[in-house]
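Let's have the full structure, built from the sequences with the hints guiding it.
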Amino acid sequence: MNLHTIVWKEIRQRPSPALGCVLAILLGAAALVAIRHVNLFSQRQVERQLQALGANILVLPKGASIQDYYAADQNGLTLPEERVSQILLAGLPGVEQLSPRLCASAELSGQPLTLVGILPQAEFRAQQTWQTVTLFKKNAACGCKTVAAEPSAADRAPEALVTRRAIEQLGGDEVIAGADVGRRLALQPGKSVKLLGEKFQVLAVLPPTGTVDDGRVFAHLHTVQRLAKTGEVVSAIEVLGCCEDAAGGLVPQLSELLPDGRVVTISQVVETQVGVNRLLAGSSWFVLVVLVLAGGISVASAISSNVRERRREIGTLVALGATPRFIAGLFLVKAAWLGLAGGLGGCVLGVLLAVTVGPRWAGVSVMPLLDLMGLVVAVALAVTLAAAYWPARGAARLDPCSCFQEV
Amino acid sequence: MLRLENVTKVYARRGVDIVALRAESLEVERPSYTAIVGPSGSGKTTLLSILGGMLSPTTGRVWLGDQSLYDLPASERARVRRQQIGFVFQTFNLVPYLTAVENVQLPLALAGVPAGEQEIRAVTLLDRVGLGERLHHKPRELSVGQQQRVALARTLANDPSLILADEPTGNLDGESRRLVLDFLDERHRAGCTIVMVTHDAAAAQRAGRRLSLCDGRLPEDAATRGAEAA
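Order-wise, the sequence lines are chains A and B.
Under the numbering used here, the first residue of the first sequence carries the number 1, and numbering increases by one thereafter.
Under the numbering used here, the first residue of the second sequence carries the number 1, and numbering increases by one thereafter.
Think of the hints as simulated: they come from the structure by calculation, not from any bench.
All residues carry an ideal CB built from backbone N, CA and C; glycine is no exception.
What you were told as hints is all true, and nothing was included just to trick you.
Some chain B residues close to chain A (C-beta under 8 Å, calculated; not the full set): (1) 102; (2) 106; (3) 110; (4) 118.
Chain A residues, not near chain B, derived (Cβ > 12 Å throughout): (5) 185; (6) 252; (7) 259; (8) 282; (9) 289; (10) 296; (11) 336; (12) 340; (13) 394.
Okay, here's the thing in structure tokens:
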């Protein structure tokens, strides 16, 4: 038998107050772990989006919403296609690439999907007017490419649609399938499919991106315009700035150039999510304060009451030779166990909550973060030990004469 | 020898100082059997606590052999209690959530005896007091007499040379009372020093020396001391 055996047996004898403490710590820790997990994964997603899309600027019809960058072209609103030429003719410095898009609803093998019209980059170079303009507007200062620059071999592959958000070559009768569509309909390069009453050949199936693009099929912009009978319009124009600085400077110029358009940067698109992240970060501080206060008060109160109930036992232990350090240890070890149980239980519950609720609540997939869990357990442990310190110190200084019957 | 030298204990209550004990000189020879009697509130508990190294006096010194108890740090006094002093309590003071054998193990655990040895010694002691069949019973599952026997076994666990007994027969029926008094007699014969505070006149008669406490003062009963010496 030792100190831990005594503590364990005492907890088993009086489980209710201990369970109350564990529950208070567990709920605080669970809330903290869940919020921090969702918060961190949401922040990482924003960072990934910012990194993947770099200096992108999106030109949308006025009134379009921007909740999700990838689905921003599905507003049902359109811009005249001539806005693409307008941007190029304006010769704005820092424009590296333009990628107009038009979304239309279609069906393939009885399954509804979004058919997206895109304009191959080679067609920009084929148009002499644009080439002339861009030749004079090279960004020598920052060394960025322009639309006129010759593409690399990797840029020529259809998969460049994923990495560069644009494709080099695409025939009028060719389509590129997103990963989900390709898998669902067993599409393969060379296979024929019928969309909006016209036959197409599958040029490629894209790798998964984790975005709405996985469920889309891409065809030539002018083919989609013809089949969807929309006329010469686009749903959105992606403008790739050659660098962050260029993108920042382009926004006001594009806004001035296109008064009927809405010009936003990727940073603005993810602003809502950044706002949610800020709210979550703020909430996690609040929950931390609640954990410290509620858990701490609960433990301090339970240990104080435990000391009062065990005055005679403490006196007896002192009479049997227990040192003040041993007596304080009885209560500090008990508090540490409660903190550990509450912290660990809270971590498990918090991760389960985050994994379940994260995708629905914040649209992010969550995986357990061991360092965060370790930190929360350490906080729970520190809170309980700090809360139990004074009552334990009081117990160690208790008058041991309470073990004697008053005679 | 256990010796009190100009010991006083003063409590402050609502701004008023109350003298709970005043013992100018008291010597307890080793081995000996001393009974302290006195009315309620006379300071018997205070005296027993001071003798046991658990309550520091306001003034004076308490000597156990050649050690001044209260000049030692608290941890050293705890060591002295573990090694030399055993307590017998009126209400047994068994730890309610520990079994009989675990209660007897307690002083051994505090003394740092290895777990296996603790259990062997505790079982042997409980066998000696006739509770070999009740090893894993908790105090509430034992009769009053059995609880007192567990407490006696616990007192013996560290083989103390000084036993301080606080009203050891107060709560007991005739049979258990006889058992406890026989236990103290036997320990005295084995060379232990016994100091017992009691209301029980018959129990006090067993002691070789009787002291009476009155309002915290300790006038010695010279006649009984002389009788013991004789």
